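S.K.: As a plain string of letters, each chain reads:
There are 2 protein chains.
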Amino acid sequence: MAKDKSPRRPRAETPKGFRDYFGAEVTERKAMLDKIAEVYHRYGFDPLETSAVETVEALGKFLPDVDRPNEGVFGWQDEDGDWLALRYDLTAPLARVAAQFRNDLPSPYRRYAMGPVWRNEKPGPGRFRQFYQCDADTVGAPSVAADAEICAMLSDALEEVGIPRGDYVVRVNNRKVLNGIVESVAEIQRESAFPKGMSVQGAAEFQELKARLVAQTDNVMRTLDKFDKIGQAGVAELLGPGRTDQSGARIDGLGLPDYVIRGFLAFLNARGATNAETISRLREVVRLSPTGMEGVDELETIAALLDAQGYGPDRIVIDPSVVRGLGYYTGPVFEAELTFEILDEKGRKRQFGSVAGGGRYDDLVKRFTGQAVPATGVSIGVDRLLAALRAKGRAGGESHGPVVVTVMDRDRMADYQAMASELRRAGIRAEVYLGNPKNFGNQLKYADHRKSPVAIIQGSAEAERGVVLIKDLALGAKIAAEASVEEWKSQPAQSEVARADLVAAVRAILDRG
Amino acid sequence: MAKDKSPRRPRAETPKGFRDYFGAEVTERKAMLDKIAEVYHRYGFDPLETSAVETVEALGKFLPDVDRPNEGVFGWQDEDGDWLALRYDLTAPLARVAAQFRNDLPSPYRRYAMGPVWRNEKPGPGRFRQFYQCDADTVGAPSVAADAEICAMLSDALEEVGIPRGDYVVRVNNRKVLNGIVESVAEIQRESAFPKGMSVQGAAEFQELKARLVAQTDNVMRTLDKFDKIGQAGVAELLGPGRTDQSGARIDGLGLPDYVIRGFLAFLNARGATNAETISRLREVVRLSPTGMEGVDELETIAALLDAQGYGPDRIVIDPSVVRGLGYYTGPVFEAELTFEILDEKGRKRQFGSVAGGGRYDDLVKRFTGQAVPATGVSIGVDRLLAALRAKGRAGGESHGPVVVTVMDRDRMADYQAMASELRRAGIRAEVYLGNPKNFGNQLKYADHRKSPVAIIQGSAEAERGVVLIKDLALGAKIAAEASVEEWKSQPAQSEVARADLVAAVRAILDRG
Numbered sequence: 001m002a003k004d005k006s007p008r009r010p011r012a013e014t015p016k017g018f019r020d021y022f023g024a025e026v027t028e029r030k031a032m033l034d035k036i037a038e039v040y041h042r043y044g045f046d047p048l049e050t051s052a053v054e055t056v057e058a059l060g061k062f063l064p065d066v067d068r069p070n071e072g073v074f075g076w077q078d079e080d081g082d083w084l085a086l087r088y089d090l091t092a093p094l095a096r097v098a099a100q101f102r103n104d105l106p107s108p109y110r111r112y113a114m115g116p117v118w119r120n121e122k123p124g125p126g127r128f129r130q131f132y133q134c135d136a137d138t139v140g141a142p143s144v145a146a147d148a149e150i151c152a153m154l155s156d157a158l159e160e161v162g163i164p165r166g167d168y169v170v171r172v173n174n175r176k177v178l179n180g181i182v183e184s185v186a187e188i189q190r191e192s193a194f195p196k197g198m199s200v201q202g203a204a205e206f207q208e209l210k211a212r213l214v215a216q217t218d219n220v221m222r223t224l225d226k227f228d229k230i231g232q233a234g235v236a237e238l239l240g241p242g243r244t245d246q247s248g249a250r251i252d253g254l255g256l257p258d259y260v261i262r263g264f265l266a267f268l269n270a271r272g273a274t275n276a277e278t279i280s281r282l283r284e285v286v287r288l289s290p291t292g293m294e295g296v297d298e299l300e301t302i303a304a305l306l307d308a309q310g311y312g313p314d315r316i317v318i319d320p321s322v323v324r325g326l327g328y329y330t331g332p333v334f335e336a337e338l339t340f341e342i343l344d345e346k347g348r349k350r351q352f353g354s355v356a357g358g359g360r361y362d363d364l365v366k367r368f369t370g371q372a373v374p375a376t377g378v379s380i381g382v383d384r385l386l387a388a389l390r391a392k393g394r395a396g397g398e399s400h401g402p403v404v405v406t407v408m409d410r411d412r413m414a415d416y417q418a419m420a421s422e423l424r425r426a427g428i429r430a431e432v433y434l435g436n437p438k439n440f441g442n443q444l445k446y447a448d449h450r451k452s453p454v455a456i457i458q459g460s461a462e463a464e465r466g467v468v469l470i471k472d473l474a475l476g477a478k479i480a481a482e483a484s485v486e487e488w489k490s491q492p493a494q495s496e497v498a499r500a501d502l503v504a505a506v507r508a509i510l511d512r513g
Numbered sequence: 001m002a003k004d005k006s007p008r009r010p011r012a013e014t015p016k017g018f019r020d021y022f023g024a025e026v027t028e029r030k031a032m033l034d035k036i037a038e039v040y041h042r043y044g045f046d047p048l049e050t051s052a053v054e055t056v057e058a059l060g061k062f063l064p065d066v067d068r069p070n071e072g073v074f075g076w077q078d079e080d081g082d083w084l085a086l087r088y089d090l091t092a093p094l095a096r097v098a099a100q101f102r103n104d105l106p107s108p109y110r111r112y113a114m115g116p117v118w119r120n121e122k123p124g125p126g127r128f129r130q131f132y133q134c135d136a137d138t139v140g141a142p143s144v145a146a147d148a149e150i151c152a153m154l155s156d157a158l159e160e161v162g163i164p165r166g167d168y169v170v171r172v173n174n175r176k177v178l179n180g181i182v183e184s185v186a187e188i189q190r191e192s193a194f195p196k197g198m199s200v201q202g203a204a205e206f207q208e209l210k211a212r213l214v215a216q217t218d219n220v221m222r223t224l225d226k227f228d229k230i231g232q233a234g235v236a237e238l239l240g241p242g243r244t245d246q247s248g249a250r251i252d253g254l255g256l257p258d259y260v261i262r263g264f265l266a267f268l269n270a271r272g273a274t275n276a277e278t279i280s281r282l283r284e285v286v287r288l289s290p291t292g293m294e295g296v297d298e299l300e301t302i303a304a305l306l307d308a309q310g311y312g313p314d315r316i317v318i319d320p321s322v323v324r325g326l327g328y329y330t331g332p333v334f335e336a337e338l339t340f341e342i343l344d345e346k347g348r349k350r351q352f353g354s355v356a357g358g359g360r361y362d363d364l365v366k367r368f369t370g371q372a373v374p375a376t377g378v379s380i381g382v383d384r385l386l387a388a389l390r391a392k393g394r395a396g397g398e399s400h401g402p403v404v405v406t407v408m409d410r411d412r413m414a415d416y417q418a419m420a421s422e423l424r425r426a427g428i429r430a431e432v433y434l435g436n437p438k439n440f441g442n443q444l445k446y447a448d449h450r451k452s453p454v455a456i457i458q459g460s461a462e463a464e465r466g467v468v469l470i471k472d473l474a475l476g477a478k479i480a481a482e483a484s485v486e487e488w489k490s491q492p493a494q495s496e497v498a499r500a501d502l503v504a505a506v507r508a509i510l511d512r513g
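Chains A and B are the protein sequences, given in the same order.
If you're matching positions, the first sequence starts at 1 in the numbering used here and goes up one per residue.
If you're matching positions, the second sequence starts at 1 in the numbering used here and goes up one per residue.
Hints are not guaranteed to be accurate.
Unchecked claim - Residues from chain B shown here face chain A by an in silico Cβ test under 8 Å; the list is partial:
1. Leu-48
2. Tyr-328
3. Pro-402
4. His-449
Said to hold, decoys possible - Per the computed footprint, the stretches of chain A lying under chain B, defined by three or more beta-carbons under 8 Å from a beta-carbon of chain B, are:
5. 12–21
6. 44–52
7. 264–273
8. 332–340
9. 498–509
Just so you know, these hints were derived from the structure itself, not from any lab.
Since the model is a prediction, treat every value here as computed from it, not as a measurement.
Glycine residues also receive a C-beta, built at the ideal position from the N, C-alpha and C atoms.
Work the whole structure out from these sequences, hints included.
M.R.: As structure tokens, then:
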């Protein structure tokens with residue numbers, strides 16, 4: 001019996017749901033985030049970088065959009081028995097910071113944060129357990145001027161990264177309007193539903209219905225939030241009798257009466273041709289709810305503030321169908337949508353859709369201090385926005401790699417390194433081939449793999465004559481693709497220059513490319 | 001009995017050993033890392049961003065510089081029972097990536113990585129459980145030309161971030177030389193110790209001593225590595241009888257005989273006035289060890305390669321006292337040291353010391369694939385280098401905050417936001433005060449807290465006359481510090497300009513400052 005088994009080698013794999021980012025994937029994202037940070041900075045926002053690890057106590061036991069406690073995060077117990085976890089977003093750490101440093105931070109406190117967050121959720125295609133978020137929030141500003149500022153800043157950020165005006169719209173709504181609708185929709189629709197009035201029993205049932213609606217506010221919101229995805233008919237089914245989805249699964253409905261559902265649909269469709277028209281329609285729909293009316297007034301103020309700064313309806317649109325799933329919003333909510341079309345995985349045209357969202361939330365800091373602190377903010381979906389820029393060819397990645405100095409004679413490594421060094425000092429990205437130089441073909445394959453624009457070659461014959469060979473690899477590839485064998489053999493993509501002219505000759509090729 | 005206790009509020013605290021970074025702390029580090037990345041990019045290195053989470057299997061159970069298994073990392077079990085952990089450095093993930101993507105990556109593969117790592121170690125002053133690392137490595141290049149390149153690149157990076165030539169030195173040594181010393185030091189010293197030869201018993205003991213030395217290589221290295229900290233006498237004690245440290249604690253020694261210890265000290269002091277002199281002395285010291293001689297040859301090559309590119313002994317120094325504690329180095333090792341003096345916490349002058357280190361390691365990828373892959377790299381101590389830049393006033397942080405547009409009349413918020421918007425469009429960082437505007441003093445306190453250079457004021461009287469007041473806060477502070485009450489009252493730091501001249505007037509103050 002063989003007792004000794006050689007130990008199994010570790011698997012070289014990322015954990016399930018995690019991935020690595022290489023080269024341009026890193027630099028393109030960084031370039032995008034740098035541009036966004038520049039805009040945020042210009043608006044007076046300061047960067048904040050919190051640690052990746054928080055106490056579970058400080059994070060709270062709930063992911064905002066997950067109902068189950070203690071799920072959704074990566075957590076562990078430290079040596080003192082305290083539970084720690086990786087942050088699942090950048091808002092919970094901000095709430096902790098705002099409470100911890102409330103006596104030191106300026107008030108209002110404008111901050112932005114960019115970095116990875118972690119979710120212990122089932123991974124799927126394009127759905128990872130670590131991903132970037134990019135948030136900007138203002139803590140301690142009760143005025144809707146703070147919300148308006150966030151919307152303007154979001155517009156500027158989108159344009160700065162390369163989404164031209166006209167290709168995006170920031171849609172704004174208000175939770176107070178939504179709550180007002182829930183409070184008063186039954187009341188408002190009653191007249192048309194019961195033109196002859198209600199019986200005593202009917203009136204009692206009606207009171208019960210109104211109370212049930214308010215109690216179910218969150219469920220109603222979540223249903224209305226599906227408007228974009230499942231349309232008017234889908235929302236009506238979910239508010240009413242229930243729905244069978246594409247997979248055949250049955251989803252229970254909220255069982256609301258038809259006349260109430262009609263009211264919600266009227267609200268979702270209240271968007272008019274102009275912001276003024278939308279506001280006037282909304283006022284009509286929520287007229288019986290003081291909360292709702294306050295919400296409409298706020299929307300009107302936001303639109304006016306933005307208009308005064310030149311952010312007109314081509315960029316900012318009041319849109320009642322914006323709900324935002326998260327339960328914690330208490331006032332204005334907003335969403336940036338890219339309006340251009342792309343081809344989806346099945347080759348069908350569709351609008352790119354939402355790339356950022358946010359709103360006002362007033363209770364996050366209260367958990368710690370007992371005092372409500374008004375806050376509003378926005379989160380940009382980093383991966384989605386980056387995908388949009390790539391789809392538009394605006395991610396700004398480098399199109400070529402470094403110049404490669406090949407090694408013909410390994411005893412003259414110092415000469416080759418001096419060439420690379422000279423190129424670098426002239427600001428040209430360059431490297432010496434550092435693999436085994438024996439097989440020259442491998443060196444050119446390497447240069448190809450690196451997408452090098454130019455290879456430098458100097459054998460002993462060239463060295464004696466004081467020259468170098470410069471191979472224009474981009475041109476070479478073009479010739480290889482298009483030229484006949486004879487043309488290819490004449491190698492017009494390769495030229496000989498004096499060693500002293502190396503930098504100038506390489507520069508000329510790069511400038512041409 | 002009161003059964004219902006109101007639930008305790010969560011504590012607003014970072015976990016022990018973690019911290020937050022605010023404003024300039026973030027931007028200064030980012031500016032430094034961006035400059036380093038630019039240098040690395042110019043050398044043909046590509047960025048790599050691995051996930052923060054790895055399988056414990058892939059990480060390996062050991063921190064390289066911790067002896068205890070399974071300690072030092074933050075880990076947890078996932079739903080399948082696999083152990084995951086936060087990366088403790090950027091080298092272990094590189095080894096995993098080099099193995100996982102070995103068929104796709106260029107070979108050699110030059111990559112840089114910058115990001116946080118996590119250590120589950122006892123926190124202390126200035127010692128956190130999350131901190132930044134900044135690494136550059138070349139995988140798959142056996143030639144010492146790759147090591148030389150890393151040393152040149154490290155020099156360039158230090159100069160790029162603001163450490164002038166002359167204020168740093170890259171010290172280079174070779175593990176092969178160190179191993180050669182351990183192998184042959186007893187042999188070399190024998191003649192002087194036993195001028196009349198040894199007895200048979202003495203010769204047997206001598207063979208045993210040589211074997212013990214080789215078996216204790218790691219302990220010897222760790223002891224030699226303390227040369228900088230505890231000096232020649234301290235090292236001699238630890239190699240010999242043992243040592244009592246400042247706290248009175250007894251540290252066991254390795255129990256080596258005096259004549260061997262003399263050999264090690266001669267080696268540590270082998271540094272000559274020139275690299276050539278050092279190399280010649282080293283050759284003398286290791287002449288009996290083939291490994292040691294190979295190591296000296298490599299050092300000679302590295303110095304020659306660097307010299308040919310202009311990296312002379314003012315920047316690159318062969319120094320036998322560089323050991324680097326980590327066990328995994330197999331060839332050249334290097335360390336960047338800042339040579340200027342700073343005042344320590346007790347006000348004493350001392351040299352700033354090491355800010356980066358690295359070397360050649362050939363076995364990290366082998367864990368996964370069974371095949372040894374040559375690799376070499378460097379890690380910059382991000383926090384230490386940043387501290388050095390701050391000590392030299394070269395961290396490049398912003399000296400002032402945003403222009404603050406104050407709110408005199410809350411009904412004219414749109415006007416104030418339009419002013420901020422105009423300033424921003426002119427590239428000037430600006431914000432509107434968004435707290436409660438009632439107490440104007442609070443607005444100026446806020447501007448002060450924000451280090452604002454300028455406050456803009458427009459009450460209804462000014463608005464009617466089409467003007468704004470511009471308060472030069474930097475000048476105001478200077479006057480407040482230096483002026484008499486009369487001068488202060490005359491308020492020369494405040495001026496009135498036409499509303500249309502707002503941007504130009506602010507620009508003039510900023511340009512002056």
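S.K.: Taking a Cβ-Cβ distance under 8 Å as contact, does the region 44–52 of chain A have three or more residues in contact with chain B?
M.R.: holds (count 8)
S.K.: At least three residues with a C-beta closer than 8 Å to a C-beta of chain B: is that true for the region 12–21 of chain A?
M.R.: holds (count 9)
S.K.: Min Cβ distance, Pro-402(B) to chain A: is it shorter than 8 Å?
M.R.: It holds, given that the least Cβ distance between Pro-402(B) and chain A is near 4 Å, below 8 Å.
S.K.: Per the coverage rule (Cβ-Cβ under 8 Å, at least three residues), is the region 498–509 of chain A covered by chain B?
M.R.: violated (count 0)
S.K.: Closer than 8 Å, Cβ to Cβ, for at least three residues: run that test on the region 332–340 of chain A against chain B and report holds or violated.
M.R.: With 0 residues in contact (Cβ-Cβ under 8 Å with chain B), the coverage given for the region 332–340 of chain A is violated.
S.K.: Cut-off 8 Å, C-beta pairs, minimum 3 residues; does the coverage of the region 264–273 of chain A by chain B stand?
M.R.: With 0 residues closer than 8 Å to chain B, the region 264–273 of chain A misses the three-residue bar; violated.
S.K.: Would the hint on His-449(B) be counted as holding, given a Cβ-Cβ threshold of 8 Å to chain A?
M.R.: This hint holds: His-449(B) lies near chain A, its Cβ roughly 5 Å from the closest one there, short of 8 Å.
S.K.: Holds or violated: is the Cβ of Leu-48(B) closer than 8 Å to a Cβ in chain A?
M.R.: 6 Å, holds
S.K.: Under 8 Å is the threshold here; is the Cβ of Tyr-328(B) close enough to any Cβ of chain A for the hint to stand?
M.R.: 16 Å, violated
Of the numbered hints listed earlier, those contradicted by the structure are 2, 7, 8, 9.
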